[in-house]
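Visitor: Here is how the chains run, residue by residue.
2 protein chains.
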Amino acid sequence: MKRTSFGTARCPVARSLDEIGDWWTLLIVRDALRGSTRFSDFETGLGLAKNILSARLRKMVADGILQTRPSPDRADRHEYHLTEKGRGLHMVLVALRQWSEANLFTQGEPITRMRDKRTGAPPRRLVLHAADNTPLAPEDITFRMEKFAADPHG
Amino acid sequence: MKRTSFGTARCPVARSLDEIGDWWTLLIVRDALRGSTRFSDFETGLGLAKNILSARLRKMVADGILQTRPSPDRADRHEYHLTEKGRGLHMVLVALRQWSEANLFTQGEPITRMRDKRTGAPPRRLVLHAADNTPLAPEDITFRMEKFAADPHG
DNA sequence: CCGCCAAGGTTTCATGATGAAACCTGTTGC
DNA sequence: GCAACAGGTTTCATCATGAAACCTTGGCGG
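Chains as they are written, first to last, in the working numbering: chain A, 43 to 196; chain B, 43 to 196.
Mixed in with the good hints, there may be bad ones.
Chain copies aren't distinguished; within one or between two, either way the pair holds.
Unchecked claim - No farther apart than 30 Å at their CA atoms in a straight line, the calculated lysine-lysine pairs in the DSS-like style are these:
(1) K189 / K159
(2) K101 / K127
(3) K159 / K127
(4) K189 / K101
(5) K159 / K92
(6) K127 / K189
(7) K92 / K127
(8) K101 / K159
These aren't lab readings, by the way, just hints derived from the structure by calculation.
All values reported here derive from a predicted model rather than from experimental measurement.
The whole structure should be built from the sequences, with the hints applied where relevant.
Guide: In structure tokens form, the structure reads like this:
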């Protein structure tokens, strides 16, 4: 009945889907990374119903992905800004974007592509590297159950 | 009323969410990358209802993320294997996993972590690089509307 | 060759999430 | 003072999700 929750899953992938695995959250982050801060920015950029947007923004603030700041020009309003946690989702968006570009578009279709602001060149593809900088394929990876300890390198 | 579709969006992020942006698809890919191939593998690994699993597998086959192969031991059954397109989602899972590890776990919590199979060490964090290998932050990126042309480097 | 069991689904039905449209509320511009 | 507008909330119909029951096919023990 109730949508199953992964909020306490031991698998990080499952747990992350609990916070951002719905239809709109990542797109809100995408727009926020490109400068959207106001309710109407998101509304027009995404074309979603106000009630849904309202609910999502509220949840994202509660989850620490966005934070509200008083609007500079209107005392009764506020803006939505990404937290560091929210900005951290940039890499997820890049990964999704690169997969999508490689698999979901056909020749000649209009597409919004990512470019290096200085040079106009496309960024490199993401690659997972081992500690010694050799690339790691899915088969080169194993999984281990541990007790969480924060990575000192961030 | 109907869940809005991003299947024809020009933004790759939006379009990808149309195919994999639901609660179970990425977790099915995760299990498939770790070796699950049979219906019951996914069912027990994920703990989801059979009807939902059935619908997801069917959609993922239709989308070219999974493909069915005849089972080696039972003529009337088949296995589900990732296509190249499906394997390409590995990087998305890694990005989600790293974000989750950095933001959703507290000290001492049990967690399933990714390790280099040879050395047991954790992989490096993903970083987006420019063509000249300098790191690119979200602010260093711009977006351009183009007609899609496949990247010759894959 | 008969009956039973398990894998791999499909059907049914109650409930929660989604989305369109209408409505509310406080400012600001005129 | 009043209309317009941003920024929501409420209402209601519809869709998707999930639990449980049911079906179907092929081994297999006797």
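Visitor: The structure should be examined with respect to each hint, and the outcome stated for every one.
Guide: Hint by hint, here is what the structure shows:
Only between protomers do K189 and K159 lie at most 30 Å apart by alpha-carbon distance; the minimum there is 19 Å, versus 41 Å within a single protomer. In the homo-oligomer, the alpha carbons of K101 and K127 lie at most 30 Å apart inside one protomer (14 Å), although the nearest pairing across protomers, at 32 Å, exceeds that limit. When the C-alpha separation of K159 and K127 is checked against a cutoff of 30 Å, the pair qualifies both within a copy, at 24 Å, and between copies, at 29 Å. Proximity of K189 to K101 under the C-alpha cut-off of 30 Å is restricted to the intra-copy arrangement: shortest distance 28 Å within a copy versus 36 Å between copies.
Taking CA atoms no more than 30 Å apart as the test, K159 paired with K92 passes in neither setting, with 33 Å inside one copy and 47 Å between copies. Within a single copy, K127 and K189 get their C-alpha atoms as close as 21 Å, which meets the 30 Å cut-off; across copies the closest is 33 Å, which misses it. In this homomeric assembly, K92 and K127 come within 30 Å of each other (Cα to Cα) only inside a single copy, at 25 Å, whereas the closest approach across copies is 35 Å. In this assembly of identical chains, the alpha carbons of K101 and K159 never lie at most 30 Å apart, being 32 Å within a copy and 38 Å across copies at closest.
When the structure is compared with the earlier hints, violations turn up for hints 5, 8 and for no others.
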